Amino acid sequence: EPEVTQTPSHQVTQMGQEVILRCVPISNHLYFYWYRQILGQKVEFLVSFYNNEISEKSEIFDDQFSVERPDGSNFTLKIRSTKLEDSAMYFCASSETSGVNEQYFGPGTRLTVT
Amino acid sequence: QQPVQSPQAVILREGEDAVINCSSSKALYSVHWYRQKHGEAPVFLMILLKGGEQKGHEKISASFNEKKQQSSLYLTASQLSYSGTYFCGTDTGRRALTFGSGTRLQVQP
Chain A
523 EPEVTQTPSH
533 QVTQMGQEVI
543 LRCVPISNHL
553 YFYWYRQILG
563 QKVEFLVSFY
573 NNEISEKSEI
583 FDDQFSVERP
593 DGSNFTLKIR
603 STKLEDSAMY
613 FCASSETSGV
623 NEQYFGPGTR
633 LTVT
Chain B
169 QQPVQSPQAV
179 ILREGEDAVI
189 NCSSSKALYS
199 VHWYRQKHGE
209 APVFLMILLK
219 GGEQKGHEKI
229 SASFNEKKQQ
239 SSLYLTASQL
249 SYSGTYFCGT
259 DTGRRALTFG
269 SGTRLQVQP
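Going down the list, the protein sequences come from chains A and B. Here the first sequence stands for residues 523 to 636, where the numbers follow this note's numbering. Here the second sequence stands for residues 169 to 277, where the numbers follow this note's numbering.
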């Protein structure tokens with residue numbers, strides 16, 4: 523069964539450093555999303571991406587964040603100048619373009635900022 | 169504004185039933201239900217669309233009251249594997265999901 527994959531599974535970085543989280547969405551999906559989940563809390567929407575551009579972003583997704591589809595398979599989230607409060611689980615999800623919008627989540631990248 | 173889930177937590181014995189509720193103050197296009205086990209990704213269970221269409225796992229049932237913007241997830245004859253945190257995610261038509269705070273379900277032998 524096709525699935526969303528993410529790398530790395532765990533990333534430790536120092537405050538102020540830049541990190542890139544990578545995702546490979548399900549191959550026939552054209553909508554991509556990033557969500558994050560701070561430990562013990564709910565899942566929060568960051569950004570959605572379609573047709574090589576951001577279709578929607580939340581208040582959390584400020585200038586510190588950017589997304590890119592550098593090739594036909596990868597979807598990346600870049601976090602510049604990381605802060606302690608960026609520590610969280612980051613999930614990538616993808617869905618088809620149909621109206622049903624089933625979103626399938628990847629296993630997540632645990633980001634720890636020290 | 170996030171949807172409100174209830175109850176916050178529930179403990180069941182194997183074989184018992186449970187209902188988890190999700191309500192929104194906004195007009196919804198669809199409601200999505202996920203189960204998350206500790207340290208894992210949310211797993212898609214079901215989607216309910218405005219107009220009555222549903223798609224999900226055979227053993228999971230749910231309802232969506234469009235007038236009240238409320239959805240309920242019905243877990244029947246619970247098994248140990250049902251344990252986890254259940255989240256509802258709401259879509260107002262913009263595809264981004266807004267998740268509730270979750271309902272922690274524990275099924276005991």
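Treat the hints as calculated values from the structure; they're not laboratory data. One should not assume that every hint holds.
Claimed, not checked - Heads up, simulated BS3-like pairs for lysine-lysine below, C-alpha to C-alpha not over 25 Å straight-line:
no.: 1; chain 1: B; residue 1: K236; chain 2: B; residue 2: K223
no.: 2; chain 1: B; residue 1: K194; chain 2: B; residue 2: K205
no.: 3; chain 1: B; residue 1: K236; chain 2: B; residue 2: K218
no.: 4; chain 1: A; residue 1: K600; chain 2: A; residue 2: K564
no.: 5; chain 1: A; residue 1: K579; chain 2: A; residue 2: K600
no.: 6; chain 1: A; residue 1: K564; chain 2: B; residue 2: K205
no.: 7; chain 1: B; residue 1: K236; chain 2: B; residue 2: K205
no.: 8; chain 1: B; residue 1: K194; chain 2: A; residue 2: K564
no.: 9; chain 1: B; residue 1: K227; chain 2: B; residue 2: K194
no.: 10; chain 1: A; residue 1: K564; chain 2: A; residue 2: K605
no.: 11; chain 1: B; residue 1: K227; chain 2: B; residue 2: K205
no.: 12; chain 1: A; residue 1: K579; chain 2: B; residue 2: K218
no.: 13; chain 1: B; residue 1: K235; chain 2: A; residue 2: K600
no.: 14; chain 1: A; residue 1: K579; chain 2: A; residue 2: K605
no.: 15; chain 1: B; residue 1: K205; chain 2: B; residue 2: K235
no.: 16; chain 1: A; residue 1: K564; chain 2: B; residue 2: K223
no.: 17; chain 1: B; residue 1: K223; chain 2: B; residue 2: K205
no.: 18; chain 1: A; residue 1: K579; chain 2: B; residue 2: K227
Bear in mind that the values here come from a model prediction, so they are computed numbers and not experimental data.
Tested hints:
no.	hint	in the structure
1	B:K236 <-> B:K223	21 Å, holds
2	B:K194 <-> B:K205	28 Å, violated
3	B:K236 <-> B:K218	12 Å, holds
4	A:K600 <-> A:K564	22 Å, holds
5	A:K579 <-> A:K600	14 Å, holds
6	A:K564 <-> B:K205	13 Å, holds
7	B:K236 <-> B:K205	29 Å, violated
8	B:K194 <-> A:K564	19 Å, holds
9	B:K227 <-> B:K194	29 Å, violated
10	A:K564 <-> A:K605	20 Å, holds
11	B:K227 <-> B:K205	18 Å, holds
12	A:K579 <-> B:K218	24 Å, holds
13	B:K235 <-> A:K600	40 Å, violated
14	A:K579 <-> A:K605	20 Å, holds
15	B:K205 <-> B:K235	32 Å, violated
16	A:K564 <-> B:K223	23 Å, holds
17	B:K223 <-> B:K205	21 Å, holds
18	A:K579 <-> B:K227	34 Å, violated
Hint compliance for this structure: hints 2, 7, 9, 13, 15 and 18 are broken, all remaining hints hold.
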